[in-house]
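Student: Those protein sequences? They're chains S, G and B, same order as listed. Start counting the first sequence at 1; every next residue gets the next number (my numbering). Start counting the second sequence at 1001; every next residue gets the next number (my numbering). Start counting the third sequence at 2001; every next residue gets the next number (my numbering).
Hint data in this document are derived by calculation from the structure and do not stem from the laboratory. C-beta: ideal position from N, C-alpha, C; glycine also. Don't take each hint at face value.
[Stated by the list, open to error] With a Cα cut of at most 20 Å, we get these calculated SDA-like pairs of lysine to any residue:
hint	chain 1	residue 1	chain 2	residue 2
1	G	LYS1070	G	ARG1102
2	B	LYS2013	G	ARG1102
3	B	LYS2013	G	LYS1070
4	B	LYS2086	G	LYS1070
[Said to hold, decoys possible] Far from chain G, some chain B residues (derived; all Cβ distances over 10 Å):
hint	residue
5	LYS2007
6	GLN2010
7	GLU2050
8	GLU2071
9	ILE2107
10	PHE2113
11	ASP2147
12	ARG2190
13	ARG2243
14	ARG2261
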Amino acid sequence: MKEKLTKALQALKQKTPLVHAITNVVTVNDCANSLLAVGASPAMCEAADEVFEFSQLAGSLYLNLGTLTKEQEMAAYLAIRGATLKGIPVILDPVACGAIPRKKATIERLGHFGRFTVIKGNLGEVKALAGLAARVRGVDSLDEGNDGLEACQSLARAYGCVVAATGKVDIVADGQRACLIENGTEMLTRITGAGCMAGALVAGFCGAYEDAFGATVAALLTMSLAGELAQETSGGELPGTFRAHLIDQLSLVDEALIEKRGRVQWL
Amino acid sequence: MKEKLTKALQALKQKTPLVHAITNVVTVNDCANSLLAVGASPAMCEAADEVFEFSQLAGSLYLNLGTLTKEQEMAAYLAIRGATLKGIPVILDPVACGAIPRKKATIERLGHFGRFTVIKGNLGEVKALAGLAARVRGVDSLDEGNDGLEACQSLARAYGCVVAATGKVDIVADGQRACLIENGTEMLTRITGAGCMAGALVAGFCGAYEDAFGATVAALLTMSLAGELAQETSGGELPGTFRAHLIDQLSLVDEALIEKRGRVQWL
Amino acid sequence: MKEKLTKALQALKQKTPLVHAITNVVTVNDCANSLLAVGASPAMCEAADEVFEFSQLAGSLYLNLGTLTKEQEMAAYLAIRGATLKGIPVILDPVACGAIPRKKATIERLGHFGRFTVIKGNLGEVKALAGLAARVRGVDSLDEGNDGLEACQSLARAYGCVVAATGKVDIVADGQRACLIENGTEMLTRITGAGCMAGALVAGFCGAYEDAFGATVAALLTMSLAGELAQETSGGELPGTFRAHLIDQLSLVDEALIEKRGRVQWL
């Protein structure tokens, strides 16, 4: 399996996939810079008058519901339809779906317009979507239960897609396969946007590499490794400096690092 | 009084208050990162379909009118109503109310939907709201008059709330009390967002500490102290580096620093 | 000609022009910080209820179509009308006009409400607007053809304005004059926002210096020089650190640097 990860990274570097993103206003700049750092080409195209056609030109579609305006919501329906018609991967980041009923309603509606290739949330969001009781505070998950794998597998079966739940240990599952990613650092929770950047990277890798399960694991591992290195190079616990170094380190993750330092437990 | 400030900081660190923010697009990421740096939990929830319920779950509501879209304006009416019904503190940042008539009209309307706990603007904005002649340029105050205290007190009485005016010296007043904060650095005017971050921090402190006057002073002092230290650690007058260090230093402000370095003049 | 550039920079530093910006959500913070770094005063005022009056108070208007919401589109029509009525320079950044038909339609409509002083795009965008075949990928130009000068001159004649096309070599032309700017670094393509920041700077310089051709060259040269220096001070190819240093270096560009290091080829 591990060679899938290095192959996914190679594909990303070679193909410079165009990632069409409809995403939240808080971290949109971080998403663009993290995609550029790993070698993808971000395009935030969010107007209802633009997205149906644009989504059909892209390598993947990233839908992040964080600060979904009414106009973005309409655009999301059009974009997922366009992408699905062309078989382009769609990555859903169901931000705050455990705390805000409109998010869940929108996700259900989106499912009638197209299909998700990957759903990537924090554990609270994944559990909420899977219909399980979840502990959330605003956009944050307070959940560190050991029912995460089950929640991912159940949601993956329900939607016929890959599901990833981020947390201290990241979990990735599809109908058959599952794994745990044990890299990362708590510093990623001390800045805004790490979850969104991880979601954007999943879209980047899926736009370049066909196996969505492998692409998702490679993306989350890339994020976690960059976080570990950024913590080392930024000298500890300084969130402002850490954030700049995180983008630096995203640009430096390579196959050797994945081989040497990646701690993925295949289940 | 000074022990109120350290107590407010302690409360913030212990309670991780959820700050519901409806804020401008320019500095929304800075607001989120500054809240995270001091230990609060930001949630930018701005859709009219979401805010009435969400505002009732939060520790405080931060309304920043900087780039108020029509959808945000509608959301603001719903959110202040929700927060006020539950007795949750509401912090208003009346960005550009001296230069743009719609801002002032919106603020007056907001006052019919709920009440403000704190109004925090720059001196020009506070004077404009208090009905005094103000010198502004776009979003900036050109005012350094010595009628600032009077303006704050007058506005505080008019709205029955705490009023803070930022500038070379920050002024905080409510109906009875007033103080001047003499910390800070001119570098805070050389980046965008220092005013917004200060407003977001006021919301953070008010979400954790009941005395809104003390919470506001503690928040503005935290911002000013972090600015001073960031200028020292970033080696002077480099705005890009300063900005990253500002977030770093916000995460490091503690009770000892407030005790040692805070220059608050209680009137 | 070179003394025009130092004079434009002097004017900018002396006048602190107010730049009214309607711009995309991805890089709006970068635009504000880069304008502040060089000494201009940014104001992002984008609500249809606000812009007609506000545009008439500003030193220049920057219209960037990157993530144009419907509300921004309406605001853009009102703002260009207001600015044009007062003879205030209007700078158009036609982001993605080669890839998205709505952008081109909006630009044509804008031309009925007012006039452009400068159109600044990447080469692909300029060619698309000039009616030439352009190679684009999302928001990026893949074009490095040697018909750039011709495209700029043709578009400049069609709109009666200055046209700038950024790329490895930047090209600036109006009806009579033209030049090439040979400074810059590839690192500017490894972060998001360099093109937008350059456009914002053009608006800053045009708000302070009457000759729009000279102001545009000075702005693009300032950006390219800051990029070169930021690459040196940030130690190479680290996009997160580079980005912070870019803002630092923008604040340090001065007349001596332009004299010594600027490589402008006047045609």
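Student: Checking the smallest CB distance to chain G, is B:GLN2010 really beyond 10 Å?
Tutor: holds (19 Å)
Student: Find the nearest Cβ of chain G to the Cβ of B:GLU2050 and say whether that gap is larger than 10 Å.
Tutor: At about 5 Å from chain G, B:GLU2050 fails to clear the 10 Å cut-off, so the statement is violated.
Student: For the pair supplied as a hint, B:LYS2013 and G:LYS1070, is the alpha-carbon distance within the 20 Å limit?
Tutor: Outside the cut-off at roughly 35 Å; violated.
Student: Take the C-alpha atoms of B:LYS2013 and G:ARG1102, compute the straight-line distance between them, and say whether it is at most 20 Å.
Tutor: violated (31 Å)
Student: If I take the minimum Cβ distance from B:ILE2107 to any residue of chain G, is it greater than 10 Å?
Tutor: holds (22 Å)
Student: Holds or violated: B:LYS2086 and G:LYS1070, Cα atoms, limit 20 Å.
Tutor: Violated, because 27 Å separates the two Cα atoms, which is more than 20 Å.
Student: For G:LYS1070 and G:ARG1102, compute the direct alpha-carbon distance and say whether it is at most 20 Å.
Tutor: holds (11 Å)
Student: At 10 Å, judged by beta carbons, does B:ARG2261 keep clear of chain G as stated?
Tutor: holds (19 Å)
Student: Is it the case that B:ARG2243 keeps its Cβ farther than 10 Å from each residue Cβ in chain G?
Tutor: The assertion about B:ARG2243 is violated, with a minimum of 7 Å to chain G.
Student: Taking the shortest Cβ-to-Cβ distance between B:LYS2007 and chain G, state whether it exceeds 10 Å.
Tutor: Holds, because the least Cβ-Cβ distance between B:LYS2007 and chain G comes to about 23 Å, which exceeds 10 Å.
Student: Per the stated criterion, does the least C-beta distance between B:ASP2147 and chain G lie above 10 Å, as a non-interface residue requires?
Tutor: Holds: least Cβ distance 36 Å, greater than 10 Å.
Student: Taking the minimum C-beta separation from B:GLU2071 to chain G, is that value above 10 Å?
Tutor: B:GLU2071 not clear of chain G: closest Cβ-Cβ about 6 Å, inside 10 Å.
Hints 2, 3, 4, 7, 8, 13, counting from the list given before, are not met by this structure.
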